[in-house]
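Knowing the structure of chain A, use the given hints to seat chain B on it.
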Amino acid sequence: MYLNQFLLLAAVLFCLGVYGVLARRNAVLVLMSIELMLNAVNINLIAFGAFRDNVIGQVFSLFVITIAAAEVGVGLAIVLLIFRNRADIDLDELDLMKG
Amino acid sequence: MVAQNIVFGILAFVMVAAAFRLVTTQNVVRAALFLAIVLAGAAGLYILLAAEFVAWVQVLVYIGAVVVLLLFGVMLTRAPIGRDADLDNDQRLLGALVALFLLGAMGAVLLDAFGGQKVGTFAIRRSGEVGDSIFGDFLVPFELASILLLSALVGAVALARRD
Chain A
1 MYLNQFLLLA AVLFCLGVYG VLARRNAVLV LMSIELMLNA VNINLIAFGA
51 FRDNVIGQVF SLFVITIAAA EVGVGLAIVL LIFRNRADID LDELDLMKG
Chain B
1 MVAQNIVFGI LAFVMVAAAF RLVTTQNVVR AALFLAIVLA GAAGLYILLA
51 AEFVAWVQVL VYIGAVVVLL LFGVMLTRAP IGRDADLDND QRLLGALVAL
101 FLLGAMGAVL LDAFGGQKVG TFAIRRSGEV GDSIFGDFLV PFELASILLL
151 SALVGAVALA RRD
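Residue numbers (the numbering used here), protein chains in the order written: chain A, 1 to 99; chain B, 1 to 163.
So that you can see chain B by itself, here it is in the shape it has in the complex:
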């Protein structure tokens, strides 16, 4: 348990630091790389919670596809690769206030509702169990997700093509 808490502490520190830099950096490409660090840290947390299949899906889909897609977006919109002082708008202070208020409210509610509860022991869920659940209890949402992916594919092509 001690080792798990040490790993959690390291991951949490790295993730929060990278997320903070993600929303404050003045360099778009670096922001994408900080996002990759946060996503990799989340994959580590999933491993810590014995969700191995989700961890590898996270690595493949998020770090492998979404970050690369975002980098392509940066490239295609010709954002400056170096520093750009104009990435923040003038509601920075209000945004920080809203985020802090939200954090305070959520933190108070979470501490009130789950204070002192431990995760305890949990079984390691193999990919087979996840698959059984998806193709058993969650078959209809799974099919809906495939329809959603198809329509997103068609929609993205229809939006982005030059006609």
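So here's chain A without its partners, still in its complex pose:
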């Protein structure tokens, strides 16, 4: 197995996540795209861990999974708060902080 096959797959998934974050209007779908990007990073970490034949890649990916879980919890709480205040989660309408 070449190292690059894992890295290129992760790059494709990451770029699909970037497209999702940029082109989606629903806040929950943007959160899903962010999960996709974090997952691509995890694939990279595991692949490099196997490439270097050590355990550090796995430990780092466990930390990434932990932080992704915290991120999606807080993110959904914010989305629910926005929905409660505005009855809509359209990100294009969220320009309260625009100067």
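Some hints here could point you the wrong way.
[Claimed, not checked] Straight-line C-alpha distance at most 25 Å; calculated SDA-like pairs for lysine to any residue:
(1) B:K118 <-> B:V2
(2) A:K98 <-> A:L81
(3) A:K98 <-> A:I34
(4) B:K118 <-> A:N4
(5) B:K118 <-> A:D88
(6) A:K98 <-> B:D90
(7) A:K98 <-> B:L93
(8) A:K98 <-> B:I6
(9) A:K98 <-> A:A87
(10) B:K118 <-> A:V12
(11) A:K98 <-> B:Q91
(12) B:K118 <-> A:A87
(13) A:K98 <-> B:D86
(14) B:K118 <-> A:F60
(15) B:K118 <-> B:A12
(16) B:K118 <-> B:A36
(17) A:K98 <-> A:R86
(18) B:K118 <-> A:V41
(19) A:K98 <-> B:V2
(20) B:K118 <-> B:V16
(21) A:K98 <-> B:V16
(22) B:K118 <-> A:L81
(23) B:K118 <-> B:V29
(24) B:K118 <-> A:I34
(25) A:K98 <-> A:F83
(26) B:K118 <-> A:I56
(27) B:K118 <-> B:I10
(28) B:K118 <-> A:F48
(29) A:K98 <-> A:I82
(30) A:K98 <-> B:V98
(31) A:K98 <-> A:F63
(32) A:K98 <-> B:A12
[Said to hold, decoys possible] If you want a taste of the chain B side facing chain A, the calculated C-beta under 10 Å gives, among others:
(33) I10
(34) A55
(35) L103
(36) G107
(37) D137
(38) A145
(39) L153
Calculated directly from the structure, the hints in this document are not laboratory data.
Note that beta-carbon positions come from the ideal geometry of N, C-alpha and C, so glycine has one too.
For chain B alone, kept in the frame of chain A given last:
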């Protein structure tokens, strides 16, 4: 090695197809289910790379918790369950251009830096070794992660409760 490459090919195809549908589908619930497929494929890749503990954590935390949490988010924000033509904004073309440019740049750099390098042989890492590393070299980051989880828990409750 041939069997591993066949498994990788199947997993990669399924993951890329599901990820593509995830960012293009017009149905929010289906998007969450496509995300579950991508995450399950990633767990398969971890098994392929002999990272069994991370694979099962992936199944438990991502597929078991994060996807369910996202589905709860879909439910609580009353997103339409059926088709919804209004899920994309009008920067779709620009977003696709940025993603393609990023893919080209990353692909060129990766091919230049790691072209032809093989993963080679690697030892199967048991959960005990992962635990030794977490509670040895990475003890301080581990404690920081627990503080982060606690503050995320408190923050989510404080944000979402009705007062």
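Checking one constraint from the list: CA of K118 of chain B to CA of V16 of chain B, max 25 Å. Satisfied? Holds: K118 of chain B and V16 of chain B sit about 22 Å apart, inside 25 Å.
Starting from K98 of chain A, check that the Cα of L81 of chain A is at most 25 Å away, please. With a Cα-Cα distance of about 19 Å, the restraint between K98 of chain A and L81 of chain A holds, given a limit of 25 Å.
Quick one, are K98 of chain A and A87 of chain A close enough, alpha carbons at most 25 Å? Measuring from Cα to Cα gives roughly 20 Å; hence the hint holds.
Verify the proposed pairing of K98 of chain A with V98 of chain B, using a straight-line Cα cut of 25 Å. Holds: K98 of chain A and V98 of chain B sit about 23 Å apart, inside 25 Å.
Taking 25 Å as the top limit, are the C-alpha atoms of K118 of chain B and F60 of chain A close enough? Holds, at roughly 22 Å.
For the pair we were handed, K118 of chain B and V2 of chain B, check the Cα-Cα distance against 25 Å. The hint holds at about 14 Å.
Per the CB criterion, is L103 of chain B less than 10 Å away from chain A? L103 of chain B check passes; min Cβ-Cβ to chain A is 4 Å, inside 10 Å.
Agreement of hint A145 of chain B with chain A interface, Cβ distance less than 10 Å: 5 Å, holds
Quickly compare the C-alpha distance for K118 of chain B and I34 of chain A to 25 Å and report which way the hint goes. 29 Å, violated
Residue hint L153 of chain B, partner chain A, criterion CB-CB below 10 Å: Hint holds; L153 of chain B Cβ to chain A Cβ min 7 Å, cut 10 Å.
Any CB of chain A closer than 10 Å to the CB of I10 of chain B? Not OK, violated: I10 of chain B not within 10 Å of chain A, min 12 Å.
Keeping to a limit of 25 Å between CA atoms, is the pair of K98 of chain A and D86 of chain B held or broken? Roughly 23 Å between the alpha carbons, so the hint for K98 of chain A and D86 of chain B holds.
Hint check: violations occur at hints 5, 8, 12, 16, 19, 21, 22, 23, 24, 31, 32 and 33; the rest are consistent with the structure.
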